[in-house]
Amino acid sequence: MFDVFRLAPWRALWVVLAAVMLAGCQSVPKGLSAPQIAVLQAHGFQPGEAGWELDMSTRMLFASDESTLSAASREAVMRVGKALVAVGIARLRIDGHTDSAGSDAYNDALSLRRAEVVAQVLVEHAGFLPDAIAVRGLGKRVPASSNRSASGRAENRRVSIVVANQ
Numbered sequence: 025m026f027d028v029f030r031l032a033p034w035r036a037l038w039v040v041l042a043a044v045m046l047a048g049c050q051s052v053p054k055g056l057s058a059p060q061i062a063v064l065q066a067h068g069f070q071p072g073e074a075g076w077e078l079d080m081s082t083r084m085l086f087a088s089d090e091s092t093l094s095a096a097s098r099e100a101v102m103r104v105g106k107a108l109v110a111v112g113i114a115r116l117r118i119d120g121h122t123d124s125a126g127s128d129a130y131n132d133a134l135s136l137r138r139a140e141v142v143a144q145v146l147v148e149h150a151g152f153l154p155d156a157i158a159v160r161g162l163g164k165r166v167p168a169s170s171n172r173s174a175s176g177r178a179e180n181r182r183v184s185i186v187v188a189n190q
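Residue numbers (the numbering used here): 25 to 190.
Since the hints were made in silico from the structure, they are not lab data.
Errors might be hidden in some of the hints.
[Said to hold, decoys possible] Ranges between beta-carbon positions, derived for each pair:
no., residue 1, residue 2, range
1, Ala129, Gly55, 33 to 39 Å
2, Ala110, Gly55, 16 to 22 Å
3, Tyr130, Ala58, 42 to 48 Å
4, Arg98, Pro59, 23 to 29 Å
5, Gly55, Ser127, 37 to 43 Å
6, Ser173, Ala58, 37 to 43 Å
7, Asp155, Glu99, 23 to 29 Å
8, Gly55, Ala107, 17 to 23 Å
9, Gly151, Gly176, 32 to 38 Å
10, Gly176, Glu99, 24 to 30 Å
Even glycine gets a Cβ: it sits at the ideal position worked out from N, Cα and C.
Can you build the whole structure from these sequences, using the hints too?
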């Protein structure tokens, strides 16, 4: 009769050796690390389709027809940017938005200026490289709230900071 128990230790050894050899060929998984995700969550970023997004509508609003940051908003951007740099997040996308007042062309340009202002703060005060930040002006195409009320329009005059799932 065939003794299966005599072959089992050798098979186990071969399985272990094969596993060790395959592990050596394994590539490092892409994505954000646990500490990076913890920092994103601590600063209010939410996971989405494009990555982790911080919608600054509650923290950083722009006045109507303005692309200037208040001192408090500038400080908020610097704080978030420095935290991201500290955990090795080096690439961002900044999306600027507007309310529905004005033409599409005007709002596209205004929203782009808003995104550029935030990007400039991140470069000058948080340590991001200029070519590591993509900026987009989305105008009024992606509202966070209804434009039917003054408070809704105010929430739409914002920027979003997006960290891609690297």
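Hint-by-hint comparison with the structure:
1. The hinted window of 33 to 39 Å between Ala129 and Gly55 holds, with their beta carbons roughly 38 Å apart.
2. About 19 Å separates the C-beta atoms of Ala110 and Gly55, a value consistent with the hinted range of 16 to 22 Å.
3. With their beta carbons about 43 Å apart, Tyr130 and Ala58 fall inside the hinted range of 42 to 48 Å.
4. Distance hint check: the CB atoms of Arg98 and Pro59 are about 26 Å apart, consistent with the given range 23 to 29 Å.
5. A hinted range of 37 to 43 Å holds for the C-beta pair Gly55 and Ser127, which are about 40 Å apart.
6. As the Cβ distance of Ser173 to Ala58 is approximately 40 Å, the hint placing it in 37 to 43 Å holds.
7. Under the hint 23 to 29 Å, the C-beta atoms of Asp155 and Glu99, about 25 Å apart, fit the expected range.
8. For Gly55 and Ala107, the Cβ-Cβ distance of about 19 Å falls inside the hinted range of 17 to 23 Å, so the restraint holds.
9. The beta-carbon spacing between Gly151 and Gly176, approximately 35 Å, falls within the hinted interval of 32 to 38 Å.
10. Between Gly176 and Glu99 the C-beta distance comes to about 26 Å, which sits within the given range of 24 to 30 Å.
Violated hints for the displayed structure: none, as all numbered hints are satisfied.
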